[in-house]
Amino acid sequence: MDYQLKFAPVFDNFGHLLSGLLVTLELSFGAMLLGTLVAIVCAAGKTGGPRPVRWIIDVYIEVIRNTPFLIQIFFIFFGLPALGIRFSPNTAALVALTVNVGAYATEIIRAGIESIQKGQVEAGTALGLKPVQIFRYIIVKPALRTVYPALTSQFIYLMLTSSVVSVISATDLAAAGNDIQSQTFASFEVYLVITAMYLVLSIAFSGLFSLVERMAFNYPLSR
Amino acid sequence: MIRPFGIDEILFIVAAVQWTLALSAIAFAGGAIGGLVVALARVSQVRALRYLALGYVRLFQGTPLLMQLFLVYFGLNIFGAGINPWLAASLALTLHASAFLGEIWRGCIEAVPSGQSEASWALGLGYVDRMKSIVLPQAAKIAVAPTVGFLVQLIKGTSLASIIGFVELTRAGQIINNATFVPFKVFGLVAILYFVLCWPLSLLARWMERRFAVATRR
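Protein sequence lines, in the order shown, are assigned to chains H and C. Counted from 1, the first sequence has number 136 at position 136 by full-length UniProt numbering; the numbering is strictly sequential. Counted from 1, the second sequence has number 109 at position 109 by full-length UniProt numbering; the numbering is strictly sequential.
Since the hints were made in silico from the structure, they are not lab data. Mixed in with the good hints, there may be bad ones.
[Said to hold, decoys possible] Cross-link-like lysine to any residue pairs, in silico, SDA-like; alpha carbons within 25 Å at most: (1) C:Lys141 <-> C:Leu204; (2) H:Lys6 <-> C:Ala81; (3) C:Lys141 <-> H:Ala150; (4) H:Lys6 <-> C:Leu204; (5) C:Lys185 <-> H:Ala150; (6) C:Lys185 <-> C:Val17; (7) H:Lys6 <-> C:Gln45; (8) C:Lys185 <-> H:Pro89; (9) C:Lys141 <-> C:Gln45; (10) C:Lys132 <-> C:Lys185; (11) C:Lys185 <-> H:Phe78; (12) C:Lys185 <-> H:Val63; (13) C:Lys185 <-> C:Phe195.
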């Protein structure tokens, strides 16, 4: 092997990488937030909704979980315009990531909701809480606490998956890498640096999530 | 001149399923060997081995599969193996599967009660006999359901090989789409084919999980 690694072209374009990193962060946090909302609605529909609603949610979950994300994003970006639904690459990326993580998170949150004991809800009713309050304080928050570890590892996986959105020319971190490598031909070096950045991101995410856990769920569990 | 999306185009895409299956099989076979090594290293008595395996798992679980594919693809070129999508995709997916299967199987090995290992020590069995005859067979029973679950993830993961030019199901769909310009139908068909591959495995994994839960209920 007489190849000299040259990192100079990568670090000359570091600003470009950072703007890509910003898009990756926006997509990740955007999809986390929207995906969690989708998942809470779907999980509520799956545990308490009428049969047709449950059936539709089941189809959504199974289709998303048994097809590759790459095909989902192709379908949303290239396929949906046939139905008159057109997105810019970055919006399509956000929509695809949200739809994707929403399906996985639905199953996770549903498991959390099912772990809430009936007596808790009955106690809420006895205390005169409104159904919305019961859903929010007695079902969703404790359910989220129970499934928090599973949910956050799904979020880290989401962030890693988001690297795929570069294929529809969204401008994320991986896309910035594609740009730089096509100009400098330092392909291996570019992707080595980007891979390291993703690794740092996933470590940072898990640190952030455990910080949030300590702040959001700081009340004691009564037993 | 735009090509119509006819029976030949459909057959081209359906035929590409074999390459998705071939790549999945290679990655799974390689990943099974690598995964066993990783899992055994993770539960080893030797501290250095444990940390080495942990580092390997963290590295591959903390970075995108797409970047792993790119690094192997361009890395092989640097090391003089040339541009070879088959080799790159097989190697990258094998390394990827090794980390995930290693971590799944570590959990299964640790789920075998420690009394089993202690009893085999007491009987004077060495490491190889203890693992081969006592621990691994019991761990294997626990491992079947999550391993099938990972297989679904692996089959979906092979779609990324299309990005480095490996012609499998996804790439075949792109090729046909570029000629026919009916993405809704093309990617719809590709999605259905992936679903047909993955859904039965998902159902199987869930069924085995439930059966196992019933079997081990006290």
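Outcome of the hint check:
For the proposed pair Lys141 of chain C and Leu204 of chain C, the alpha carbon gap of about 15 Å is at most 25 Å, so the pair holds. Between the alpha carbons of Lys6 of chain H and Ala81 of chain C the distance comes to roughly 19 Å, so the proposed pair stays at or under 25 Å and holds. Distance restraint check for Lys141 of chain C and Ala150 of chain H: the Cα-Cα separation of roughly 24 Å lies within the 25 Å cut-off, and the hinted pair is therefore satisfied. Taking the CA atoms of Lys6 of chain H and Leu204 of chain C, the gap is near 49 Å; set against the 25 Å cutoff, the hint is violated.
For a cut-off of 25 Å, the pair hint linking Lys185 of chain C to Ala150 of chain H is broken: about 35 Å separates their Cα positions. Among the hinted pairs, Lys185 of chain C with Val17 of chain C is consistent with the structure: their alpha-carbon atoms are about 17 Å apart, no more than 25 Å. As the CA atoms of Lys6 of chain H and Gln45 of chain C are separated by approximately 40 Å, the hinted pair breaks the 25 Å bound. Restraint check for Lys185 of chain C and Pro89 of chain H: satisfied, since their Cα atoms lie roughly 20 Å apart, inside the 25 Å limit.
Of the supplied pair hints, the one linking Lys141 of chain C and Gln45 of chain C holds, its CA atoms being roughly 23 Å apart against a limit of 25 Å. At most 25 Å may separate the alpha-carbon atoms for a hinted pair to count; Lys132 of chain C and Lys185 of chain C exceed this at roughly 50 Å. This hinted pair checks out: Lys185 of chain C and Phe78 of chain H have alpha carbons roughly 10 Å apart, not beyond 25 Å. The straight-line distance between the Cα atoms of Lys185 of chain C and Val63 of chain H is roughly 16 Å, inside the 25 Å bound, and the hint therefore holds.
Only pairs whose Cα atoms come within 25 Å are accepted, and Lys185 of chain C paired with Phe195 of chain C is accepted, the gap being roughly 15 Å.
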